[in-house]
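Residue numbers (our numbering), protein chains in the order written: chain R, 402 to 793; chain Y, 402 to 793.
None of these hints come from the bench; they were simulated from the model.
Keep in mind it's a predicted model, so treat the numbers as computed, not measured.
There may be inaccurate statements among the hints.
Treat identical chains as interchangeable: a pair holds within one or across any two.
As the list claims (entries may be wrong) - Heads up, simulated SDA-like pairs for lysine to any residue below, C-alpha to C-alpha not over 20 Å straight-line: (1) Lys726 <-> Ala472; (2) Lys726 <-> Gly506; (3) Lys662 <-> Thr431; (4) Lys726 <-> Ser699; (5) Lys708 <-> Val494; (6) Lys726 <-> Glu469; (7) Lys726 <-> Gln503; (8) Lys726 <-> Gln508; (9) Lys726 <-> Ala473; (10) Lys779 <-> Asp600; (11) Lys779 <-> Arg554; (12) Lys708 <-> Arg696.
There are 2 protein chains.
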Amino acid sequence: MQQVADDHRTAWRTSTDYSFLTMTFQIIDTEPGCEARRGVLETAHGVVATPAFMPCASRAVVRACTCEQLAAVGLQMLICNAYHLLLRPGPEVIAAAGGLHQFMGWQGPLATDSGGYQVFSLSQRAQITEQGVQFRSEVDGSEIFLAPEDAVRLQNQLGADLIMCLDECTPYPCEHEYARASMEMTLRWARRCRQAHHDDSQALFGIVQGSVYHDLRARSARETVAIGFDGYAIGGLSVGESRREMFEALETSLQYLPLDKPRYAMGVGTPLDIIECVQRGVDIFDCVLPTRNARHGSVLTWGGSIKINNARYRDDFRPLEADCKCPACTHHTRAYLHHLFRINEATAWTLLSLHNLHFYARLMERIRQAIGSGELQKLQRELHTWTQRDEQ
Amino acid sequence: MQQVADDHRTAWRTSTDYSFLTMTFQIIDTEPGCEARRGVLETAHGVVATPAFMPCASRAVVRACTCEQLAAVGLQMLICNAYHLLLRPGPEVIAAAGGLHQFMGWQGPLATDSGGYQVFSLSQRAQITEQGVQFRSEVDGSEIFLAPEDAVRLQNQLGADLIMCLDECTPYPCEHEYARASMEMTLRWARRCRQAHHDDSQALFGIVQGSVYHDLRARSARETVAIGFDGYAIGGLSVGESRREMFEALETSLQYLPLDKPRYAMGVGTPLDIIECVQRGVDIFDCVLPTRNARHGSVLTWGGSIKINNARYRDDFRPLEADCKCPACTHHTRAYLHHLFRINEATAWTLLSLHNLHFYARLMERIRQAIGSGELQKLQRELHTWTQRDEQ
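This is chain R alone, in the form it adopts within the complex (with noise of 0.2 Å):
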């Protein structure tokens, strides 16, 4: 399946203007004994190898870092919030700026989420009827509707390469009834959304739904497919449930969705979280945790994660990791990020961003490399035994 996958990327790689290019995904090789499947999804924008790790850089911005310091660590693709960006500096600005990858000069691949689950997090007074979400802005307190169709539209204006229709994310727990309801209240949105999405340069994904019960996973994902989209997201996961519930409700969902379409695991997760996710046939993940985590100074090597902090670090002047080619590690050792760290420097933040950000990317290049070579397990066991390791 190389060849195809190859002779495709040199075809779009003979135009200059490929702006009207839809989506497409390719797998490219299968690892014996599980699901995983490793690809090539190709957008307007260029390709992501799969499975791929998008950095959550929501307000157009991943936290302490600069766009030319992602592309450097071997960042593929961004996901931005359509409810952050409508908030500040509002979409009207980013289509004048010619997109959001013109406005915030990343020029690769894009994704954005539709908002819903920050309404439902963020906005203490957000009212969700079947028309769509009302709620009060946090910036200056204006009253803003939501309907399916203007998350549809807010993410045409933005210009993201993969946009996602807007869902409730029920919380957990959540009673079977109202995870019926909302389930079907979101496949009735899908629809809506299905219906608004008219840009064939952007892939509109739907999120499948249902708490944690099989019976609504399996309708949701389902009912999803029938409308059709060009990706599948799982949604609703990583939300307070046990790590065996979510692999069920994940499991479920996945085994209604098509092969040949990419599946994004939303807000997943830890690295163990990510493999055994990839094992079960996940394509795409996003996460706040390696960014949040550098800037309260835990970060991850292969030897385990350190808490820069600790006074240990104060005069350790090895670096992060042995070997690493982040600019922490190249240019610095742990006494110095520890001092920066002690003295509350932004510095400190980027560095140690930059880090856990490397330290997923090479986390999912090895996931790559080992889809097809059998290698997986041996991965995932390495993965399971390095999580008991975390520095207490």
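Knowing the structure of chain R, use the given hints to seat chain Y on it.
Chain Y alone, transformed into the frame defined by chain R:
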């Protein structure tokens, strides 16, 4: 004179270990009609073209910037602060790292200030006696005593290429009697510093004080030169006096300094201050302005300074400055930087700091190019007009 400097550089460049080198200073051109000189300062960690500007890396970091980014925008030498580093991380940590260059990952030339200024300005309960300064640590409340000999020993441990005597920086306004007594003590401290300094790889600078009084400035300069230093700093400037008072105090100080040693105007200043000091014969500058102003959203351009927070930049899709090669202007628009600044994002501080520092690097480059060509006065007039043009 160009030949002399070039031969000298070739000589040390052929040596693989030049850590034994004392700083040397060669004047390679002068400007007719004023005292300006273009020179080459050679240190154990590389060459600095003068006149040069040093950004403040007081706590071993230029706030919100990485060393890699600083080198990329054209900075030659940084200045750290021995007082801040004494408190955190402590000189024993930096010595164990192999010195300040190794500790912070900056391989180019470095200077340290003794920290006398900070002892007086930051420490509520500093007591100055003939023996030295007693103050309370702002980190852990402990009592610390710093004699002139301690300040030298501390800077020897840090290992910067240029180090400063301990001095008292008098406030403004300051009675003649206080300024005289203080200046005389600074002279006695300078003798003690000179005696305590035995590391030939570090250039020790004496500091001229004397507030705004010509008699005191003249005595301070003459007697500091009589002690004999590798270079001379002019302290007590930019502390609240008028520009006229500053330049008169500076002129008197410079009049008694040897032509063949580098002169450093501490804490100066704005672009116009800098070029007017250069015209009077100053070689080295440091100032927090470009970085502090950047963090407050004040941006330098050759068309005048702008406040990025201003609503007019919300949809201004031009770079901060056309043709600027800094990372902010290469990749981003005013609208994006406005957005980042409005959401209080550290990446805004990074990008605006790098832009302002690159502006200063270009300013110094333009000044150096003008020296010897008879064009310096024209550049001074341009900067004078430019100063009037700041956005209100």
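Status of the hints after comparison with the structure:
1. Lys726 <-> Ala472: both (13 Å within a copy, 18 Å between copies)
2. Lys726 <-> Gly506: between (24 Å within a copy, 15 Å between copies)
3. Lys662 <-> Thr431: within (14 Å within a copy, 70 Å between copies)
4. Lys726 <-> Ser699: within (18 Å within a copy, 34 Å between copies)
5. Lys708 <-> Val494: Answer is between; shortest inter-copy Cα gap is 19 Å, intra-copy 40 Å.
6. Lys726 <-> Glu469: both (15 Å within a copy, 14 Å between copies)
7. Lys726 <-> Gln503: Between copies only: 18 Å across, 28 Å inside.
8. Lys726 <-> Gln508: between (23 Å within a copy, 18 Å between copies)
9. Lys726 <-> Ala473: Result: close both inside a copy and across copies, 10 Å intra and 18 Å inter.
10. Lys779 <-> Asp600: neither (42 Å within a copy, 56 Å between copies)
11. Lys779 <-> Arg554: neither (44 Å within a copy, 55 Å between copies)
12. Lys708 <-> Arg696: Close inside one copy (11 Å), not across copies (28 Å); limit 20 Å.
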